[in-house]
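There are 2 protein chains.
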Amino acid sequence: MSKANIDTYGQTGVDTHAAASAVGTLAASIRGTFGLRAGRVGAPIRGLGYYANVLDLGNGQGLAVSSDGVGTKLMVAEVMGRYDTIGIDCIAMNVNDLICVGAEPIAMLDYIAVGKINNAVFAEVGKGLLEGCKRCRISIPGGEIAQVGEMLRGTGPTEGFDLVGTAVGVLPMERAIFGQHVRPGDAVVGVASSGIHSNGYTLARRVLAPQVEDYHRFEPAFGRTIGDELLEPTALYVNLAVELFETGPMPHAVCHITGDGYMNLTRVEAEVGFDLDNFPETPAVFRVLAERGRLSAAEMFEVYNMGIGLCIIVPPTDAAAVIACAGRHGFAARELGRVTAEKGLVRIPQHGLSGTKAKGSFRAH
Amino acid sequence: MSKANIDTYGQTGVDTHAAASAVGTLAASIRGTFGLRAGRVGAPIRGLGYYANVLDLGNGQGLAVSSDGVGTKLMVAEVMGRYDTIGIDCIAMNVNDLICVGAEPIAMLDYIAVGKINNAVFAEVGKGLLEGCKRCRISIPGGEIAQVGEMLRGTGPTEGFDLVGTAVGVLPMERAIFGQHVRPGDAVVGVASSGIHSNGYTLARRVLAPQVEDYHRFEPAFGRTIGDELLEPTALYVNLAVELFETGPMPHAVCHITGDGYMNLTRVEAEVGFDLDNFPETPAVFRVLAERGRLSAAEMFEVYNMGIGLCIIVPPTDAAAVIACAGRHGFAARELGRVTAEKGLVRIPQHGLSGTKAKGSFRAH
Chain L
1 MSKANIDTYG QTGVDTHAAA SAVGTLAASI RGTFGLRAGR VGAPIRGLGY
51 YANVLDLGNG QGLAVSSDGV GTKLMVAEVM GRYDTIGIDC IAMNVNDLIC
101 VGAEPIAMLD YIAVGKINNA VFAEVGKGLL EGCKRCRISI PGGEIAQVGE
151 MLRGTGPTEG FDLVGTAVGV LPMERAIFGQ HVRPGDAVVG VASSGIHSNG
201 YTLARRVLAP QVEDYHRFEP AFGRTIGDEL LEPTALYVNL AVELFETGPM
251 PHAVCHITGD GYMNLTRVEA EVGFDLDNFP ETPAVFRVLA ERGRLSAAEM
301 FEVYNMGIGL CIIVPPTDAA AVIACAGRHG FAARELGRVT AEKGLVRIPQ
351 HGLSGTKAKG SFRAH
Chain X
1 MSKANIDTYG QTGVDTHAAA SAVGTLAASI RGTFGLRAGR VGAPIRGLGY
51 YANVLDLGNG QGLAVSSDGV GTKLMVAEVM GRYDTIGIDC IAMNVNDLIC
101 VGAEPIAMLD YIAVGKINNA VFAEVGKGLL EGCKRCRISI PGGEIAQVGE
151 MLRGTGPTEG FDLVGTAVGV LPMERAIFGQ HVRPGDAVVG VASSGIHSNG
201 YTLARRVLAP QVEDYHRFEP AFGRTIGDEL LEPTALYVNL AVELFETGPM
251 PHAVCHITGD GYMNLTRVEA EVGFDLDNFP ETPAVFRVLA ERGRLSAAEM
301 FEVYNMGIGL CIIVPPTDAA AVIACAGRHG FAARELGRVT AEKGLVRIPQ
351 HGLSGTKAKG SFRAH
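Sequence order for the protein chains is L and X. FYI, the numbering used here numbers position 290 of the first sequence as 290, with every residue one higher than the one before it. FYI, the numbering used here numbers position 22 of the second sequence as 22, with every residue one higher than the one before it.
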């Protein structure tokens with residue numbers, strides 16, 4: 001069942017199993033680099049696979065590092081001719097990963113690849129990057145622009161376009177969180193997303209806009225065009241998270257809900273599971289996507305955030321304070337469920353789903 | 001004259017003037033992010049445009065950050081089916097930029113974009129990344145793999161390929177060098193390159209291998225195939241530089257000779273010029289490239305390293321010590337010339353060239 005759904009995504013050209021295998025292959029080499037900083041400043045304190053890693057700078061100071069791109073959401077921008085918000089996505093996807101290890105983001109470097117230089121496009125991209133930086137008070141101290149038309153495909157004015165970021169953040173070493181303190185009984189607070197964010201676009205585009213002209217079609221369920229809905233910028237959770245880090249309650253884990261949907265929760269180091277029984281009503285974009293694509297709930301919760309972009313895990317007595325803090329930063333939040341003792345198991349009873357870390361996927365009951 | 005040569009490169013699809021203009025457009029937005037860290041930890045201490053920037057982490061500690069990709073050298077790897085050295089290039093292009101501000105590199109994050117996952121290719125790329133890390137003792141604590149076939153073009157097994165790095169390094173704040181201490185009379189020590197490194201490949205490929213089969217042709221002047229010559233990995237100058245930083249003589253500037261050739265020297269903050277009158281014999285790859293492409297000396301010295309991959313600027317009394325240190329790390333080095341008081345002017349009398357920062361290009365005398 002769930003296998004069939006992954007095959008659905010496989011048919012879009014994004015093979016998630018192959019990707020996991022390639023990560024494994026590359027990881028085998030990269031793991032060999034970890035010991036190279038032994039006894040020197042800057043050694044990574046964890047392996048690969050969490051949202052961000054932390055380098056030990058000495059003197060109790062940690063440096064969090066993470067890298068992420070905007071992916072094929074860029075193709076929506078290209079079709080719509082609107083490049084002023086993808087910079088926000090680039091910032092958000094990176095800084096939302098950094099807060100997952102307890103870091104305060106300080107800077108992001110951008111990589112932009114184009115076939116052809118177009119100043120108007122660069123000006124619009126710059127607007128979004130600046131807006132994203134303002135929202136979370138980071139700088140862009142450098143970056144790289146590559147003119148590599150022979151390597152890119154694209155129909156827009158830049159004849160191909162890629163936008164990727166690498167972000168750094170700081171934290172006291174003792175604040176580094178990888179979910180190692182999560183305990184059964186902890187509350188999972190879900191913070192609202194702004195839409196699809198920047199994952200699952202190969203599938204979403206295939207389903208919602210099989211023809212280029214579909215992007216410009218008004219969709220009553222969205223109250224705007226499909227293209228505008230798909231371009232909605234990713235929410236930035238930095239200010240909320242940094243307030244929690246600085247004034248408490250300090251989370252046991254912060255989980256950015258990205259490309260693996262709710263399987264992301266199983267990244268936490270503690271040997272726990274999750275019962276998520278209080279999802280909000282499914283936002284229109286996910287409802288329409290599931291209907292038109294005949295996508296099962298299993299696939300939807302494995303690929304998309306389903307209305308919750310960040311999960312903050314705290315002792316149950318702290319849940320109300322986290323929800324209040326989210327509210328002060330303009331986010332709807334709710335207790336989404338609880339941590340269980342069933343290692344690696346994620347249950348979503350409202351939608352009849354359960355899935356395990358080992359399988360990396362949900363199946364219907 | 002020099003304009004005509006830039007037009008030559010323009011015809012390859014790489015428009016260096018347009019690129020400069022786009023950097024300027026983007027920079028206008030990005031500059032606005034610099035003040036966002038004011039009064040907080042992690043503020044950048046310089047603008048854009050030097051090899052790397054430095055963030056002030058407080059307590060006298062600086063974090064150097066830089067980003068660079070391998071560019072269309074990747075297309076040579078694709079044609080040759082040899083992916084085991086491009087990882088070295090990715091590491092080298094980034095860490096060689098970090099040492100230019102006085103930093104010791106500690107880590108690099110990689111971004112790999114492919115159309116199709118291919119484990120064999122990832123294993124080979126991993127080999128090169130590991131080898132590069134070993135040579136300069138850094139880790140790869142994270143990274144990103146993107147499957148974005150619709151955005152890429154390529155004929156190899158991954159159906160498109162991009163490889164980009166973002167590196168971080170540490171330094172005591174008082175060691176941060178942007179060429180502000182360079183003085184007329186200083187010696188410019190040139191350290192040997194290993195070949196073209198990773199810049200100017202769009203032009204080099206067009207000239208040396210207009211047809212795909214040309215890469216496999218044995219070239220007597222190189223003693224190997226054109227493809228093998230073009231895949232020669234970029235030299236890594238980290239160990240040499242870090243020894244100088246730690247035990248002296250401390251350089252006044254370290255300049256990585258990248259895409260702008262010897263115009264790179266004019267990036268130093270001091271108001272100086274350069275007389276470079278002691279170039280080594282031009283290595284075969286540059287000689288053949290200039291001949292076959294009918295490229296003028298002006299264009300060659302504006303795009304390529306011409307046998308010198310790094311310039312280290314020191315008081316003249318320290319030149320011998322730097323040359324000896326380079327020798328201990330396996331690099332031929334020589335006094336390439338001297339710093340002058342003529343602001344922004346670079347003279348290469350052996351090749352009849354002079355050029356200014358303002359024009360960004362050389363002209364023949």
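One thing to keep in mind: the hints can contain errors.
Copies of the same chain look alike in the list, so a pair counts if it works inside one copy or between any two.
[Said to hold, decoys possible] With a Cα cut of at most 27 Å, we get these calculated DSSO-like pairs of lysine-lysine:
no.	residue 1	residue 2
1	Lys357	Lys116
2	Lys357	Lys134
3	Lys116	Lys127
4	Lys359	Lys116
5	Lys343	Lys357
6	Lys343	Lys116
7	Lys359	Lys134
Hints are computed from structural coordinates only; laboratory data are not their basis. Small disclaimer: the values here were computed from a predicted structure and weren't measured.
Structure-based check of all given hints:
1. For the homomeric pair Lys357 and Lys116, the shortest alpha-carbon distance between copies (25 Å) is at most 27 Å, but the shortest distance inside one copy (43 Å) is not.
2. With identical chains, the CA atoms of Lys357 and Lys134 are never at most 27 Å apart, being 36 Å at best within one copy and 33 Å at best between copies.
3. In the homo-oligomer, the alpha carbons of Lys116 and Lys127 lie at most 27 Å apart inside one protomer (19 Å), although the nearest pairing across protomers, at 32 Å, exceeds that limit.
4. Taking the closest pair of Cα atoms, Lys359 and Lys116 come within 27 Å of each other only across two copies (23 Å); inside a single copy the shortest separation is 43 Å, beyond that limit.
5. Taking CA atoms no more than 27 Å apart as the test, Lys343 paired with Lys357 passes inside one copy only; the shortest distance there is 8 Å, against 62 Å between copies.
6. With identical chains, the CA atoms of Lys343 and Lys116 are never at most 27 Å apart, being 50 Å at best within one copy and 33 Å at best between copies.
7. Taking the shortest alpha-carbon separations for Lys359 and Lys134, neither the intra-copy value of 40 Å nor the inter-copy value of 35 Å comes in at or below 27 Å.
When the structure is compared with the earlier hints, violations turn up for hints 2, 6, 7 and for no others.
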